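As numbered in the numbering used here, residues 51 to 377 make up the sequence shown, in order.
For the record, the hints were derived by calculation from the structure and aren't laboratory data.
Please note that a few of the clues may not be correct.
[Said to hold, decoys possible] Lysine-lysine pairs mimicking DSS-like chemistry, simulated, CA-CA at most 25 Å apart:
| no. | residue 1 | residue 2 |
| --- | --- | --- |
| 1 | Lys127 | Lys66 |
| 2 | Lys66 | Lys130 |
| 3 | Lys190 | Lys66 |
| 4 | Lys204 | Lys127 |
| 5 | Lys68 | Lys130 |
[Said to hold, decoys possible] Estimated spans, in silico, between C-beta atoms of each pair:
| no. | residue 1 | residue 2 | range |
| --- | --- | --- | --- |
| 6 | Lys368 | Ala135 | 54 to 60 Å |
| 7 | Gly142 | Ala57 | 48 to 54 Å |
| 8 | Asp146 | Ala125 | 14 to 20 Å |
The model shown is predicted, which means the values in this text are computed figures rather than measured ones.
Ideal placement from N, C-alpha and C gives every residue a C-beta, glycine not left out.
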Amino acid sequence: MYGLKDAPRMFTSWLKTKLQALFFFEIAESILVRLSSRVPPSPQVEEVITDVKVMPVESAMQMHVDDLICFARDARKTLKEVTEAVESDEVGEVTDRPVKCVGMELLYDREGGEIRQSQRSYFNPEKIPPGKKGSKSLDKTDFAQPQPEEIDMKYEALYRALLGMLGWMTRTRWDLAFAFSQLARWSSCPSVRVFRTLCTVLLTAVAEARDLVFHAVRNPEMCLWVDAAYDDRLCESRSGFIIQLADRSWDFSVRWNMLDWASHREKRLVRSTAEVELLALVHGIVRVPFLLRNARLLFSNVPLRIMTDSAALVDQLKSKKCQKEPT
51 MYGLKDAPRM
61 FTSWLKTKLQ
71 ALFFFEIAES
81 ILVRLSSRVP
91 PSPQVEEVIT
101 DVKVMPVESA
111 MQMHVDDLIC
121 FARDARKTLK
131 EVTEAVESDE
141 VGEVTDRPVK
151 CVGMELLYDR
161 EGGEIRQSQR
171 SYFNPEKIPP
181 GKKGSKSLDK
191 TDFAQPQPEE
201 IDMKYEALYR
211 ALLGMLGWMT
221 RTRWDLAFAF
231 SQLARWSSCP
241 SVRVFRTLCT
251 VLLTAVAEAR
261 DLVFHAVRNP
271 EMCLWVDAAY
281 DDRLCESRSG
291 FIIQLADRSW
301 DFSVRWNMLD
311 WASHREKRLV
321 RSTAEVELLA
331 LVHGIVRVPF
341 LLRNARLLFS
351 NVPLRIMTDS
361 AALVDQLKSK
371 KCQKEPT
C-alpha cells in the first residue's frame, strides 16, 4: 500500500475490517466501540449509538492515520487481540527504563508520576567538523543574515543535514524553537559564522539535556505564555508562544507539561512592539481551544491564564481597542 496516492484510505479501510472482526463497530468517523455483550448491534448508525448509550461499552478505539488510541478496562488484553488480528509485533510498554522509538527516547516513572521524552539519540555529533563549535556565548549577531561576501556554499549540504537534526529535536525542545526558526532562514546561503552558530546550538542542546517532561496535576490550569521582539532598524519582528498544562500550586519557573510552542518571524509589516505582542497572542489563542477542550474533558474545570511581560498588550486587552491594528 506504500507509495500509492490512496494508501491512507486503503490502510484505514483494511484496519477497520480487522477491528470489525473483533466486534468493534464505528459509531463516528474513526471512532469504534465494542460492547460487553459482544453481540453485533444494529448496522444503522443511529441505532448503534442508541445501543451504546444503553449497553455497557467494554472498549473503544480512536484511529488517527496509523495511530490507535485504546480505552478499555484491560487495555493490554485488547491490544493483544488487535496485534494478533493484524499480525504485527507485540506491543511494547514504556517503563522506567528508556525505550528508543524512531529516534525518540521514552521513559515512564509510574511511582513518581513522570513521563520523559528526549530526542538526543537522534543527533550524531560526529557530523560536526572539529573546531566548529563557538567558544563564546551566542548573541543576536550570530543569528544575523550572512553578508554576500560571507556566503560559502560548500557548507550547504552539511548545514541542511544538521539543521534537519535540530528541527527534529525542536519537536520535544521548546527552548530551541527560536534558534531553529532563525537558522532555517539561511539554509540556502550559509556562511562560516551561521554554520558555527548551528553547531554550537546543537552541541549545547545535547549537553544541557532538557527533556520534555510531563507530571501529574491535581488542580490544573492552562497557561499561555506569549512574547515578541521588534527591531526598528530592520523593521523586522518575531513572535512566539508556549502552551502549558500547569498545576496551580506550581511556581512560574516550572517548565513541565509543555503542550505546544512556536517561534517565527512575522511576515506582515508592523510598527511597534505592542503590535507584535498582539500578533503573538493571536497565534497562541488560535491553538488553545483544541487543547483546552480536551483538558476540560479530562479534568472538568480548567481555567485559562495568559502570561505576558508587555504592559502595552495588557492595556490593549483591558481597553478592547487597538489603535495600530483596527481588526
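| said: Holds or violated: the 48 to 54 Å window for the beta-carbon distance between Gly142 and Ala57? | reply: violated, 25 Å
Holds or violated: the 54 to 60 Å window for the beta-carbon distance between Lys368 and Ala135?
About 58 Å separates the Cβ atoms of Lys368 and Ala135, which means 54 to 60 Å holds.
Holds or violated: Lys68 to Lys130, with C-alpha atoms at most 25 Å apart
Roughly 13 Å separates the two Cα atoms, so the pair holds.
Quiz prompt | Hinted pair Lys127 and Lys66, Cα distance within 25 Å | solution = Distance of about 19 Å is within 25 Å: holds.
- prompt: Cβ-Cβ distance between Asp146 and Ala125: within 14 to 20 Å?
  reply: holds, 19 Å
| task | Sort out whether Lys130 lies within 25 Å of Lys66, counting only the CA atoms. | result | holds, 16 Å
Item checked: Restraint status (C-alpha distance of Lys204 to Lys127 at most 25 Å) -> violated, 55 Å
Note to self: Check the hint pairing Lys190 with Lys66 against an upper bound of 25 Å on the C-alpha distance.
What the structure shows: Roughly 52 Å between the alpha carbons, so the hint for Lys190 and Lys66 is violated.
In summary, the numbered hints that this structure violates are 3, 4 and 7.
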